[in-house]
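A.B. asks: Residue -6 is where the sequence shown starts when you use the working numbering, and the numbers rise one by one after that.
In case anyone wonders, no lab produced these hints; they're calculated from the structure.
No residue lacks a Cβ here, since even glycine has one placed at the ideal position from N, Cα and C.
A portion of the hints provided could be inaccurate.
To be verified - Pairs of lysine-lysine, DSS-like flavour, derived with a Cα cap of 25 Å: (1) Lys173 - Lys231; (2) Lys231 - Lys158; (3) Lys242 - Lys286; (4) Lys158 - Lys173; (5) Lys209 - Lys199; (6) Lys199 - Lys173; (7) Lys338 - Lys323; (8) Lys199 - Lys242; (9) Lys142 - Lys199; (10) Lys(-1) - Lys114; (11) Lys209 - Lys242; (12) Lys298 - Lys330; (13) Lys173 - Lys209; (14) Lys209 - Lys151.
To be verified - Label-pair ranges, simulated between beta-carbon atoms: (15) Lys323 - Glu196: 16 to 22 Å; (16) Gln239 - Val(-2): 46 to 52 Å; (17) Glu68 - Asp276: 52 to 58 Å; (18) Lys286 - Glu326: 16 to 22 Å; (19) Glu283 - Asp31: 50 to 56 Å; (20) Glu196 - Ala76: 25 to 31 Å; (21) Lys323 - Arg291: 17 to 23 Å; (22) Glu191 - Ala(-5): 56 to 62 Å; (23) Ser333 - Gly171: 33 to 39 Å.
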Amino acid sequence: MAPAVKNDGAALLEAAEASLHTAVDLSDTLRDARAALDRFRQVGDSRGAVLATAVVVGALFRQASLEASPVEAIELAEKEFAAQAERGDRFGEATMKMSLAEIFLDRRDIPRQGDVLELAKEAKATFLDLGDRRMEAKATLTIAMVLVKRCDRAGGPKVAKEALKYAREASTMAQDLGDKHTEAKALYLMFSAKMYSEATFREGLKYGREALALFKQSGSRWWEATASRTIADWAQMKGCSQEGLQYAKDALAIFREVEIGRRMGWEASALASVVGILGARDDGAEEAMEVAKEGVDRLRASGDKFTEAQAWHILSSAHSMCEDFDEALKAAEESRKLYSELGHKECEARLLKEISDIHAQTENGSEALNVYRDSVAVFREVGDVRHEARSLSSIVR
-6 MAPAVKNDGA
4 ALLEAAEASL
14 HTAVDLSDTL
24 RDARAALDRF
34 RQVGDSRGAV
44 LATAVVVGAL
54 FRQASLEASP
64 VEAIELAEKE
74 FAAQAERGDR
84 FGEATMKMSL
94 AEIFLDRRDI
104 PRQGDVLELA
114 KEAKATFLDL
124 GDRRMEAKAT
134 LTIAMVLVKR
144 CDRAGGPKVA
154 KEALKYAREA
164 STMAQDLGDK
174 HTEAKALYLM
184 FSAKMYSEAT
194 FREGLKYGRE
204 ALALFKQSGS
214 RWWEATASRT
224 IADWAQMKGC
234 SQEGLQYAKD
244 ALAIFREVEI
254 GRRMGWEASA
264 LASVVGILGA
274 RDDGAEEAME
284 VAKEGVDRLR
294 ASGDKFTEAQ
304 AWHILSSAHS
314 MCEDFDEALK
324 AAEESRKLYS
334 ELGHKECEAR
344 LLKEISDIHA
354 QTENGSEALN
364 VYRDSVAVFR
374 EVGDVRHEAR
384 SLSSIVR
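Turn these sequences into a full structure, and let the hints guide you.
C.D. replies: Structure below.
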């Protein structure tokens, strides 16, 4: 009986792990992972149980992105981490360190985010010592993710170089293991690390294209769209806007296809990319406004406050492109107010920076200066050094 139960648990876990990478509605993922956890506990398989718990945590955390509340995922991960540590189970403890690292990596408002890199490196060292190549590859990937995130906040070429090293290592390990999804994410991070370095857009694009191809092969629609949007955004930031337009449109189409629940944040991000690239054309402001208005109407109909805040932000940008600064300011203030009510300080700070830019465009220097200073204070509070520096630079100018 025990072997049959264990085999059943292994099959359920395999299905749950696969759907965690590809599904948008995670209800089946949670069902399978919890069923696997139950089977493993029945036969006393602690390794299987902790792997199933990690999938439950991952699914709960991804699902929480629809409600912006990962409390259940955090509580479960911390409880299981404590239990594994008390038991002296090094594999279980390292696995839960990975789960916590992934949560704290994405939740920028959590004070323990500073521990993320240490958690991931400790997990990697443990898996290396235990000879578990598969889990070591995942830990290596997480380290690369942390370093890329640091580039976004405060890092420079030196951090980007380190991120590239770990991402390349994860890619090689994943290839050896035949793990296409981990390989795709590693390639995606290699592209991102290249972009944060001094590489040109075309020098990094090959990694982005390889990642996209693997995401398409594996049916990971959300990741396919995310990679497409990231490529589009970097094309714009690296001065190759029009090369990114089709990637942005592809991302928008996929997110509209897969988005679930009332929150439509992914769709909003892709819409912002499309509008930004269209507006960068010499004669593109009018088309950007048309696309923005159509998309914003969809977003505001969602009834979700965060999505509505994003919608107002996109509309503000489109009005600025058309040099209608009064309307741009009104829309930006609506967006900032909603972010403030929701407690999203980083988003609020970025809106303050944009409101300052609008005031500067209308030659309202004193008001622009005051709002720039407000944005600096909030960026400093949330630890966003890169955007704090941009606001300080605007003050100096």
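A.B. asks: Hint by hint, note whether the structure agrees.
C.D. replies: Hints, verified against the model:
no.	hint	result
1	Lys173 - Lys231	29 Å, violated
2	Lys231 - Lys158	22 Å, holds
3	Lys242 - Lys286	16 Å, holds
4	Lys158 - Lys173	19 Å, holds
5	Lys209 - Lys199	15 Å, holds
6	Lys199 - Lys173	17 Å, holds
7	Lys338 - Lys323	19 Å, holds
8	Lys199 - Lys242	19 Å, holds
9	Lys142 - Lys199	21 Å, holds
10	Lys(-1) - Lys114	31 Å, violated
11	Lys209 - Lys242	16 Å, holds
12	Lys298 - Lys330	11 Å, holds
13	Lys173 - Lys209	11 Å, holds
14	Lys209 - Lys151	32 Å, violated
15	Lys323 - Glu196: 16 to 22 Å	41 Å, violated
16	Gln239 - Val(-2): 46 to 52 Å	50 Å, holds
17	Glu68 - Asp276: 52 to 58 Å	53 Å, holds
18	Lys286 - Glu326: 16 to 22 Å	18 Å, holds
19	Glu283 - Asp31: 50 to 56 Å	53 Å, holds
20	Glu196 - Ala76: 25 to 31 Å	46 Å, violated
21	Lys323 - Arg291: 17 to 23 Å	20 Å, holds
22	Glu191 - Ala(-5): 56 to 62 Å	57 Å, holds
23	Ser333 - Gly171: 33 to 39 Å	48 Å, violated
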